[in-house]
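Its first residue numbered 1, the sequence shown is counted upward by one per residue in our numbering.
Everything labelled a hint here was simulated from the structure, so no lab data went into it. These numbers were taken from a predicted model, which means no experiment stands behind them. C-beta: ideal position from N, C-alpha, C; glycine also. Among the hints, erroneous ones may be present.
To be verified - Derived CB-CB ranges, DEER-like: (1) 190 to 307: 13 to 23 Å; (2) 40 to 406: 50 to 60 Å; (3) 391 to 100: 32 to 42 Å; (4) 370 to 148: 37 to 47 Å; (5) 95 to 276: 50 to 60 Å; (6) 286 to 308: 18 to 28 Å; (7) 152 to 379: 14 to 24 Å; (8) 39 to 276: 31 to 41 Å; (9) 114 to 176: 47 to 57 Å; (10) 29 to 218: 43 to 53 Å; (11) 231 to 127: 46 to 56 Å; (12) 159 to 39: 24 to 34 Å; (13) 368 to 150: 25 to 35 Å.
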Amino acid sequence: MRDSISNTDKNPSLENTGFDIIIGNPPYISSENMPKVIKDNRHLFQTAHKKTDIYVFFYEFAFKILKNKGVVGYITSNKFLSQEYGLKLRELFLQNKLCKLINFNINVFKSANVDTCIAISSKDYVSNNLIKSKNIEHKWDYMGFEAMDFKPINQESFKSLALCNFRLTLTQEKYRLLESIKMQSYKLEQIAFVSYGVRPCGNAKHPYLKKKDLIHQSPIGNAKPYIEAKSDFIKPYKIHTHHYLDYQKDRIYNAMFEELFTPAKLMCGRTLSNTDFINFVYDDKGRFCNDSMCCIVLWKDLVNATHKSPKKLISDSKIALSKRYDLKFLQGVLNSKLIAFYVKELLHDGLHFYPEHQKSLPIPKITESNQHIVDSIIALVDEILAQEMSQELQSRIDSLVYELYHLSEEEVRIIESAK
Numbered sequence: 001m002r003d004s005i006s007n008t009d010k011n012p013s014l015e016n017t018g019f020d021i022i023i024g025n026p027p028y029i030s031s032e033n034m035p036k037v038i039k040d041n042r043h044l045f046q047t048a049h050k051k052t053d054i055y056v057f058f059y060e061f062a063f064k065i066l067k068n069k070g071v072v073g074y075i076t077s078n079k080f081l082s083q084e085y086g087l088k089l090r091e092l093f094l095q096n097k098l099c100k101l102i103n104f105n106i107n108v109f110k111s112a113n114v115d116t117c118i119a120i121s122s123k124d125y126v127s128n129n130l131i132k133s134k135n136i137e138h139k140w141d142y143m144g145f146e147a148m149d150f151k152p153i154n155q156e157s158f159k160s161l162a163l164c165n166f167r168l169t170l171t172q173e174k175y176r177l178l179e180s181i182k183m184q185s186y187k188l189e190q191i192a193f194v195s196y197g198v199r200p201c202g203n204a205k206h207p208y209l210k211k212k213d214l215i216h217q218s219p220i221g222n223a224k225p226y227i228e229a230k231s232d233f234i235k236p237y238k239i240h241t242h243h244y245l246d247y248q249k250d251r252i253y254n255a256m257f258e259e260l261f262t263p264a265k266l267m268c269g270r271t272l273s274n275t276d277f278i279n280f281v282y283d284d285k286g287r288f289c290n291d292s293m294c295c296i297v298l299w300k301d302l303v304n305a306t307h308k309s310p311k312k313l314i315s316d317s318k319i320a321l322s323k324r325y326d327l328k329f330l331q332g333v334l335n336s337k338l339i340a341f342y343v344k345e346l347l348h349d350g351l352h353f354y355p356e357h358q359k360s361l362p363i364p365k366i367t368e369s370n371q372h373i374v375d376s377i378i379a380l381v382d383e384i385l386a387q388e389m390s391q392e393l394q395s396r397i398d399s400l401v402y403e404l405y406h407l408s409e410e411e412v413r414i415i416e417s418a419k
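Please work from the sequences and hints to get the whole structure.
Here's what the structure looks like:
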């Protein structure tokens, strides 16, 4: 294998030769089950990134042995479209011409428990190429997918997305709207520090400590109020109960730092199966959380923090900017339909909502002319926190967020219909 890959790179006589077309169904073997010969030679592949699955290498090798303007078409797992391990493969596709992408989102093969995708690409870069795409989301769509119209997506638009993710629902109208939102926003990480909570288990010196030894229903030891990303603890916008963490800082595997938990803050789960259920909760009781949640703390409240994580990122400009923002305004925006739309179209991979995702969320710029809208959102969030969540209050917040971004009726329709 080593010789065959090297020869395709170094033999000048092969530059204008190769296959006209390659069609196949590469094996699906996860990185954990990769044959040793592949693991030992993964450095030979430019597309090897993180825990790469083997089918990624089949794409790369196809491009190596195709002639110029030759075509490769494979049916594979669809994970490369958005998972981090597919980054280098996505970059390889973007250096060539993506002709068609058909994402099935369902198990096409009964013998394989994996969602599939057909990708057809030409070894030939074309500027402003329009990819013909189909996104099959339901079994009834699959039965008649051949009759479905292809939707055009500008290949260049993928280059501006985080990790060059291939978003097949990203129409030109959505792309323009999302770019407009970005232009009128700061990123959340410019206003606040975002990080996981503690990991309640023993560190290397205390491996015997388990979660059950540290989490209790009543105060024990160095007790800190504690929650997790479960309905047992949280509901929309707020926390309804907590347990207690015996915060043995020198014994816990990843104890983080107390200043992450003691200020008023927002908290949000790190997993997300459906973007309709994004839930940033408000806490001003100094509650701790485990790493199933992320904490969002305004930079101004971390001025005296000595832990290396915030210390290496904090700056005077971030502190000054954070002083202009109220946590309850951030909460209203982050729980809005506009943010759900943004996450669905640009960030969501079907499961994760990591700190890196949350850091990149757009927050509207506050000006003198829109301060009254900001104040109205804060007042509505106060109402929600003081009583039970109501759809009527949430709808009013959604409308105010649209107003902050000066959205037209058509742009609001795009967001409201993006289910």
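Hints breached by this structure: 5, 7, 9, 13
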